[in-house]
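With the hints as extra help, turn the sequences into a complete structure.
Protein chains in written order, with my numbering: chain A, 1 to 273; chain B, 1 to 273.
In short, the hints are calculated from the structure, not lab data.
If you're wondering where the values come from, they're calculated on a predicted model, not measured in any experiment.
Possibly wrong hints are sitting among the right ones.
Claimed, not checked - Listed below are the simulated BS3-like cross-link pairs for lysine-lysine, each with C-alpha atoms no more than 27 Å apart in a straight line:
1) 174(A) to 223(B)
2) 147(A) to 174(A)
3) 174(B) to 147(B)
4) 174(B) to 223(A)
Stated by the list, open to error - Just some of the chain B residues that point at chain A, by a computed CB distance under 10 Å:
5) 5
6) 85
7) 130
Said to hold, decoys possible - Computed beta-carbon distance windows for the label pairs:
8) 164(A) to 232(B): 50 to 56 Å
9) 244(B) to 129(A): 45 to 51 Å
10) 233(A) to 244(B): 56 to 62 Å
11) 125(A) to 171(B): 37 to 43 Å
12) 267(A) to 144(B): 45 to 51 Å
13) 244(B) to 200(A): 51 to 57 Å
14) 129(B) to 197(A): 39 to 45 Å
15) 65(B) to 200(A): 30 to 36 Å
16) 167(B) to 110(A): 46 to 52 Å
Every residue, glycine too, gets a C-beta built ideally from N, C-alpha and C.
2 protein chains.
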Amino acid sequence: MPDSRAVGVFDSGVGGLTVLHECLVTMPNEDFVYLGDHARLPYGPRTRDEVRRFAHEIGVYLERQGVKMVVVACNTATSVALPDLQEQLAVPVVSVIVPEAHAAVQVTRNRSIGLLATELTVASGRYEQLVRTLDAGARLTAVACPKLVPLIEAGDTFSDEVTEAVREYADPLKAAGCDTVILGCTHYPLLRPVFQRAFGRDVTLVFSADETAREVAVTLARKGFENDASREGAYRFLTTGEPDAFRELGERFLQLPLANVEHVEVRELEAVA
Amino acid sequence: MPDSRAVGVFDSGVGGLTVLHECLVTMPNEDFVYLGDHARLPYGPRTRDEVRRFAHEIGVYLERQGVKMVVVACNTATSVALPDLQEQLAVPVVSVIVPEAHAAVQVTRNRSIGLLATELTVASGRYEQLVRTLDAGARLTAVACPKLVPLIEAGDTFSDEVTEAVREYADPLKAAGCDTVILGCTHYPLLRPVFQRAFGRDVTLVFSADETAREVAVTLARKGFENDASREGAYRFLTTGEPDAFRELGERFLQLPLANVEHVEVRELEAVA
Numbered sequence: 001m002p003d004s005r006a007v008g009v010f011d012s013g014v015g016g017l018t019v020l021h022e023c024l025v026t027m028p029n030e031d032f033v034y035l036g037d038h039a040r041l042p043y044g045p046r047t048r049d050e051v052r053r054f055a056h057e058i059g060v061y062l063e064r065q066g067v068k069m070v071v072v073a074c075n076t077a078t079s080v081a082l083p084d085l086q087e088q089l090a091v092p093v094v095s096v097i098v099p100e101a102h103a104a105v106q107v108t109r110n111r112s113i114g115l116l117a118t119e120l121t122v123a124s125g126r127y128e129q130l131v132r133t134l135d136a137g138a139r140l141t142a143v144a145c146p147k148l149v150p151l152i153e154a155g156d157t158f159s160d161e162v163t164e165a166v167r168e169y170a171d172p173l174k175a176a177g178c179d180t181v182i183l184g185c186t187h188y189p190l191l192r193p194v195f196q197r198a199f200g201r202d203v204t205l206v207f208s209a210d211e212t213a214r215e216v217a218v219t220l221a222r223k224g225f226e227n228d229a230s231r232e233g234a235y236r237f238l239t240t241g242e243p244d245a246f247r248e249l250g251e252r253f254l255q256l257p258l259a260n261v262e263h264v265e266v267r268e269l270e271a272v273a
Numbered sequence: 001m002p003d004s005r006a007v008g009v010f011d012s013g014v015g016g017l018t019v020l021h022e023c024l025v026t027m028p029n030e031d032f033v034y035l036g037d038h039a040r041l042p043y044g045p046r047t048r049d050e051v052r053r054f055a056h057e058i059g060v061y062l063e064r065q066g067v068k069m070v071v072v073a074c075n076t077a078t079s080v081a082l083p084d085l086q087e088q089l090a091v092p093v094v095s096v097i098v099p100e101a102h103a104a105v106q107v108t109r110n111r112s113i114g115l116l117a118t119e120l121t122v123a124s125g126r127y128e129q130l131v132r133t134l135d136a137g138a139r140l141t142a143v144a145c146p147k148l149v150p151l152i153e154a155g156d157t158f159s160d161e162v163t164e165a166v167r168e169y170a171d172p173l174k175a176a177g178c179d180t181v182i183l184g185c186t187h188y189p190l191l192r193p194v195f196q197r198a199f200g201r202d203v204t205l206v207f208s209a210d211e212t213a214r215e216v217a218v219t220l221a222r223k224g225f226e227n228d229a230s231r232e233g234a235y236r237f238l239t240t241g242e243p244d245a246f247r248e249l250g251e252r253f254l255q256l257p258l259a260n261v262e263h264v265e266v267r268e269l270e271a272v273a
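Put into structure tokens, the structure is as follows:
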């Protein structure tokens, strides 16, 4: 029996749309509902407790919408809120960090892995912990990239400023001899060619979006949660902020038509008060 | 360029041959060398330091044979020696526990997972730790099965004694409502039908052998370590004990011809003295 429930995906903003893009391409028969928490972004400057509460509210909201799985398409929310969210929800929760760490360990030949991510994600140490759980002999060199998300969100993916920032962040990983680099932020696929040129063809880049979509697909299949393979799936968008602003910025990240965007409130009553 | 190096696989005895079986079926183009540490089995009653030293000696021995990867096809050695071995060897080390824990989390619908394994493996807590790293909301119910390995090694897979022991170990997992059961010992595939009958068709059984072979295949592919796809691979056997005894017991576990078995010494000189 096909499972007709949608898959819920969330992020603080538009970055997670790169994960949704890969999901839509990998699982064209599944329905997806994407929620962007635009009213409260960015999560970066928030406290851990705040991010955990936001993730909880969104998770509960999506669960009430009847989703069969929640995908945390946000490295910051994953690095601080994943275990709590998994304990709180009845549906399975898949996130961006575990699949990437696993892929990096599978890919590397010299066991020297690099990580480019936001400051909070690097500071959380989650990637390091997971890489060492999977291969205690692998070395992870992590570099925080504070300049990239603001540039990408401003629509800048080709300027000298972007190229120089990428080169600056890539240099320590090249010096460390990394043959595999985790791009641990959902915004970074928009700079894929700039990263690949900075690192050269001998370095394998591992993206959140690709690895997470693969994990979602395998997990749905193994649970018997797949929808009918012959149908065409639908997808829709929810935002806690302004639908128009979301639509405008979102299509660059989704690389597919982003039609209906609906405003929703996810906050719980006591939190609103 | 195809990578013609063999894959090294080891276990204390014959149990790991069920892992080798799945590897030979999954990767018929790869060469394998299997080492059974019969002179020092079983690892169960050994101290952690002893098992770590044995794993180190075998790993170094296989690395000197020029293998491209070491597979720890032994739950006991994995649960106590894996991180050390990964730090000590230059080649990547894949083991039985991580792929199984990952598979169980992917498979379960109700997030209630059972584990049947030896006393030492259950006591190590490795499965619990990994399952919770992958899904903090999953529950693991673990049952140690001390009667099974001796019965299986004695050639008994159909007696009332076996059926009753399996039923006894399965009961607590059925009572806990587990919909997925990890068979966390390389000997257990020989009782696959007995386990499946005890649990019924609604419970999914996850075997070390299948999941580890899958992880080895994906890892070789992603590293670009695969041998020529069109060739037929060879496999050979080494034992620290008696070749004849190994050959006699081994074919039941390998389910393929087990021709040449060679006696080798893996102990380092200071350890022999």
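> When you take the CB atoms of residue 65(B) and residue 200(A), is the distance between them in 30 to 36 Å?
Replying inline: Check passed, 33 Å falls within 30 to 36 Å.
> Given the proposed pairing of residue 174(B) with residue 223(A), does the C-alpha separation stay at or below 27 Å?
Replying inline: Holds, at roughly 19 Å.
> Can the hint on residue 85(B) be confirmed by a CB-to-CB distance to chain A that is less than 10 Å?
Replying inline: holds, 8 Å
>> Tell me if the beta carbons of residue 267(A) and residue 144(B) are separated by a distance inside 45 to 51 Å.
In response: Between residue 267(A) and residue 144(B), where Cβ atoms are some 47 Å apart, the hint holds.
> Is the Cα-Cα distance between residue 174(A) and residue 223(B) 27 Å or less?
Replying inline: The hint holds at about 19 Å.
> Per the hint of 50 to 56 Å, is the separation of the Cβ atoms of residue 164(A) and residue 232(B) within bounds?
Replying inline: holds, 52 Å
> Do residue 244(B) and residue 200(A) keep their Cβ atoms within the hinted range of 51 to 57 Å?
Replying inline: Holds: the Cβ-Cβ distance is about 54 Å, inside 51 to 57 Å.
>> 37 to 43 Å was suggested as the range; check whether the CB atoms of residue 125(A) and residue 171(B) agree with it.
In response: At roughly 41 Å between Cβ atoms, residue 171(B) and residue 125(A) fall inside 37 to 43 Å, so the hint holds.
> Does 39 to 45 Å hold as the CB distance between residue 129(B) and residue 197(A), or does it fail?
Replying inline: holds, 40 Å
>> Can you confirm whether the C-alpha distance between residue 174(B) and residue 147(B) stays at or below 27 Å?
In response: holds, 19 Å
> Against chain A, with CB atoms and a cut of 10 Å, does the hint on residue 130(B) hold up?
Replying inline: At about 7 Å, which falls below the 10 Å cut-off, the nearest Cβ of chain A leaves the hint on residue 130(B) intact, so it holds.
>> Quick check on residue 5(B) please, does its C-beta sit within 10 Å of some C-beta on chain A?
In response: With Cβ-Cβ at 13 Å, over 10 Å, it is violated.
Hint compliance for this structure: hint 5 is the single one not met.
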